[in-house]
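A.B. asks: Going by our numbering, the sequence shown opens with residue -6, and the numbers climb by one from there.
Since the hints were derived computationally from the structure, they do not count as laboratory data.
Treat the hints with caution; some may be incorrect.
What the hints assert, rightly or not - Distance windows between CB atoms, simulated:
#1 S160 - R20: 25 to 33 Å
#2 A73 - A34: 33 to 41 Å
#3 R112 - P39: 26 to 34 Å
#4 A19 - D116: 32 to 40 Å
#5 P145 - E88: 13 to 21 Å
We put the CB at the ideal spot given by N, CA and C, even for glycine.
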Amino acid sequence: MGHCSSSSFTAELAAARIGATHNQYARSPRRRGRLCAYLDAYADAPIVLVGEAAGYRGARISGIPFTSERQLTGRGPAEASATIVHRVLAELGVEDDVLLWNVVPTHPGTATSNRAPSRREIDAARPFLDEVTRGRTVIAVGRIAAASLDAPYVRHPSHGGASAFASGLRHMLGR
């Protein structure tokens, strides 16, 4: 893989201890490389959608927020929220304008479950959140993200929230 301008950021993230979360970047050059390439590709994206934390079927495996391994490679687990988010962005024609991120970029929970991040974990992850959101329009996805950000809120797409997420995002983006 060639040079990545976001490599110092991804190296810092890989070295970070964010509470009791699983840092999926720590021992995975592949995930770090994917994240670095993703951040570089979306460096000029004017909007960032910020969710709660890396999911066990999403970024914990793929390394990219709101993105499952199946979306990247056609194999591995799918993740419902990731599928909905990418579908809605495509329907609105804004997939190139939106960077996806999480309040806590590492995974709270186990290899087979998610849990809400603690206040301590949210605080520990704040420098990464601030770096990614700087200079962009920020939209919080879900209540935990909304509580952590001074940003407009849309319903999280999980647990029956897909249509509310889509309509909220459509409204916020004026589509």
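A.B. asks: Compare the structure with each hint and give your call.
C.D. replies: Each hint tested on the structure:
The hinted window of 25 to 33 Å between S160 and R20 is violated, with their beta carbons roughly 40 Å apart. Our hint of 33 to 41 Å for A73 and A34 is violated, since their Cβ atoms are close to 24 Å apart. The supplied range of 26 to 34 Å is met by R112 and P39, whose beta-carbon atoms lie about 30 Å from each other. Between A19 and D116 the CB atoms are about 20 Å apart, so this pair departs from the stated range of 32 to 40 Å.
Separated by about 19 Å at the C-beta atoms, P145 and E88 satisfy the suggested range of 13 to 21 Å.
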